[in-house]
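Protein chains: 2
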Amino acid sequence: MIESLKTDILVIGGGPAAFVMVATALEHYPDKKITVIKEEKQSLVPCGIPYIFGKTLGSAEKDIMACGAPMAEVVAILIDKVLDVDIDNKQAKSANYEISFEKLVFATGSVPFVHPVFEDALLLENCFTVNKNVEQIEKLKNYLDDKKKIIVIGTGFIGVEIATELADIGKDVTIIGGNHILAGSFDYEMAVQAEEIMKKKGITLALGQHACEVLKENNLATGVLLQDDTQINGEVIIFCTGYKPNTQLAQSAGLKLARYGGIWVDEYMRTRNKDVFAVGDCSGRRDFITRDPSKIMLASTSASEARVAGYSLYGLKYLKGFDGTIAIFSTKIGNRVFASAGVTEERAKEENIDHVIGSFEGLNRHPGTIPDASKQSVKLVALKSSGQIIGGQVIGDKEAGEMINTLGLAIESKLTAHNIISLQVATQPLLTAAPTTYPIIKAAQKVIETSISKTI
Amino acid sequence: MIESLKTDILVIGGGPAAFVMVATALEHYPDKKITVIKEEKQSLVPCGIPYIFGKTLGSAEKDIMACGAPMAEVVAILIDKVLDVDIDNKQAKSANYEISFEKLVFATGSVPFVHPVFEDALLLENCFTVNKNVEQIEKLKNYLDDKKKIIVIGTGFIGVEIATELADIGKDVTIIGGNHILAGSFDYEMAVQAEEIMKKKGITLALGQHACEVLKENNLATGVLLQDDTQINGEVIIFCTGYKPNTQLAQSAGLKLARYGGIWVDEYMRTRNKDVFAVGDCSGRRDFITRDPSKIMLASTSASEARVAGYSLYGLKYLKGFDGTIAIFSTKIGNRVFASAGVTEERAKEENIDHVIGSFEGLNRHPGTIPDASKQSVKLVALKSSGQIIGGQVIGDKEAGEMINTLGLAIESKLTAHNIISLQVATQPLLTAAPTTYPIIKAAQKVIETSISKTI
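Going down the list, the sequences are from chains A and B.
Count the first sequence with the numbering used here and you get residues 34 to 489, in order.
Count the second sequence with the numbering used here and you get residues 34 to 489, in order.
The shape of chain A in the complex, shown without the other chains (with noise of 0.2 Å):
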């Protein structure tokens, strides 16, 4: 039997996307009925999946969303798939529903991609994705318990903390990908800490490499070959060579699609049919800095993009809208922080844009005899005309994480380093570097030096 349902507002997803669209909607339209349709009852936390392979979660139990539960009380949640939408009838179908909608909004999310190459060698028990999904999760760290050579392919951040994770557990890693890891975040002389400090974990970096077959025996993947003919053995093999945009359901329903596959919006998250929205993984993005679609998937992004979607259901209230990823992000590799927003300056000059940038390596704390102290630096990428900071990247304690978004704030405010010289910082010797030499300010200062001395 179909249940025939009617709501105000129909989100189909059940990540962070969607969550921040209700949790948003509900705080500007009160008075709307809000329905949550999603396949899985259980959603894990996008970015904690990684620490489920260590020991910092351990289980896939420990990372589910919690968010749930308060929701629950307000929104009405059904468990289905979502077969069928039909936009201008402003109806959708799943196997047991028929929900009738004012505003739909797409946050269907991402699913793994891997290299049409690599299509059949999934097919074999001990190649995986990292699929965001509960059974898959748990059947993959199940399946690692008694495994010791671990083949992890890619270098993006999951990859980089899944290798990291497992090499503190003591298993004996390979991570194959790129010329340097998490590239498109760091320049290299950034990245290469990261590299260090894994190496030391007794991971195995098989850089400037592509895996270019899976080899297998008896039904089992026993290896990959790279591009240089080196063969890598390994009893797992972990495919984090990225996601796309979940759409198909979108597609089907008629809504067009942006480059790279995500479902196209404007600045106001709203698809053609200005009741029909898409925020998160699915959405089609663009860049903060160049304007170019992107192919960023980041949390950040996803939180930002439902916010400007969960104000502007019934109207654009205030007109600033998402105006691009920063693909701002944080991770830690070892007791080491690695920070990014905007560009890089490996990307400042592929994109060909004028810039300078402004380096400076001090310590976290001040004195430098404050038991914790260690070291932080700051990379500054900026316009040279202006002195606009574009980018950042930052490397220290966990403080990093927090002064990465000191930088994003500056960058989506399109301050300059101008503005930055004068900034007052709290400093405090058992928190933060000293108001002498705090890093930011002095790569600011940096890069006002050499915009100086460039121009003349």
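Read the hints as simulated data drawn from the structure, not as lab findings.
Among the hints, erroneous ones may be present.
Where chains are identical, the list cannot tell them apart; a pair therefore holds if satisfied intra-copy or between any two copies.
[Said to hold, decoys possible] Listed next, the in silico PhoX-like pairs over lysine-lysine satisfying Cα-Cα at most 25 Å (straight line):
hint, residue 1, residue 2
1, K165, K74
2, K95, K408
3, K232, K88
4, K350, K447
5, K447, K353
6, K350, K417
7, K114, K74
8, K180, K165
Since the structure of chain A is provided, determine the placement of chain B on it from the hints.
The following block gives chain B in isolation, referenced to the frame of chain A:
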């Protein structure tokens, strides 16, 4: 024999303001000769002083400003006390030198302020102020060595930090002061969390009280008498009752003083004489929000002023002066960090600012099962009409020390709650709150909700 010297830039003082001033001038005017004249060879890191008394640093030696060494190579550093400045003839005199200059910078800092009623008490050998001077700090530290019962008068951050450090090494500490500790920087419901931690450390809090009299016997203080006639006994009394600008020299040179006794300066830290600057605690300050004269003395303020002066010495380079102090600061009490910027709710009321507040408490990791997760709360104060952020308070783990700098940037950039809610923030399980419940954004959403409901 008095030595005659000629310099381009003469800086009087040896604290952080002088140091930042010189570093900035070196970057912007590399061809100018810079001379620093200061009274003591070694300068203490001012905000490190409380940590000399406990186990964190444990000695004055470990709190020496390290920045002197590299500077000494390019800057002339004289150790002497300036006795007289002739501004018209551009000459300064000390016991050993007669220095002619083009530009003069006062960075003479501040000296402890003690209510006149206690001036006599300071002559007793067991009554102390917290002077930014190696010898005097060492004297106090040595004196404390075999004492048990300590009285700290004053509940500003110096008093609170010293009390906490002393309690941590087993002293029996009583702290006396206003209605709640760190008043001015925190609203009651925030401050009370710090008070609870201090109580758990065994510190006695005599709040809502003033010390009226120091009791003495045989030329030694034995305790203090409070307003309500309570008598507190102690073997040592430490006065942490603030500082006042050190402006004797400037005053006798004929410079105008501002209210509260600092040297009057414009937005570029220039006195009425365009060749004479004042930076740091000795300068007259205004409040960023209310534009009123301000008594705030913080390294964050001093460093920002010194940067502005440093690049404005030979003309205004950027039309971005020092726009008043946002009183941004942070401290750690026990395992919790308390950070504040701009105005509190209490002060907004006193100043008759038409405001709304937004508060949110969440966790500093996500999911909450991450081993070192702890509570994180943010309180924002904003203008009701526009949502412009005018104040923020953060309580959390060490990361709160950098989160406040994001709020400081928002306040200085005059951003509104609407700018904040669509912000892209880097979130990472091991480092930050969840993207779905990032406290700064959630607090900004509460500001908007409240301001909507208050308008209706």
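### Task
Please write out, lowest number first, the hints stated earlier that are contradicted by the structure.
none
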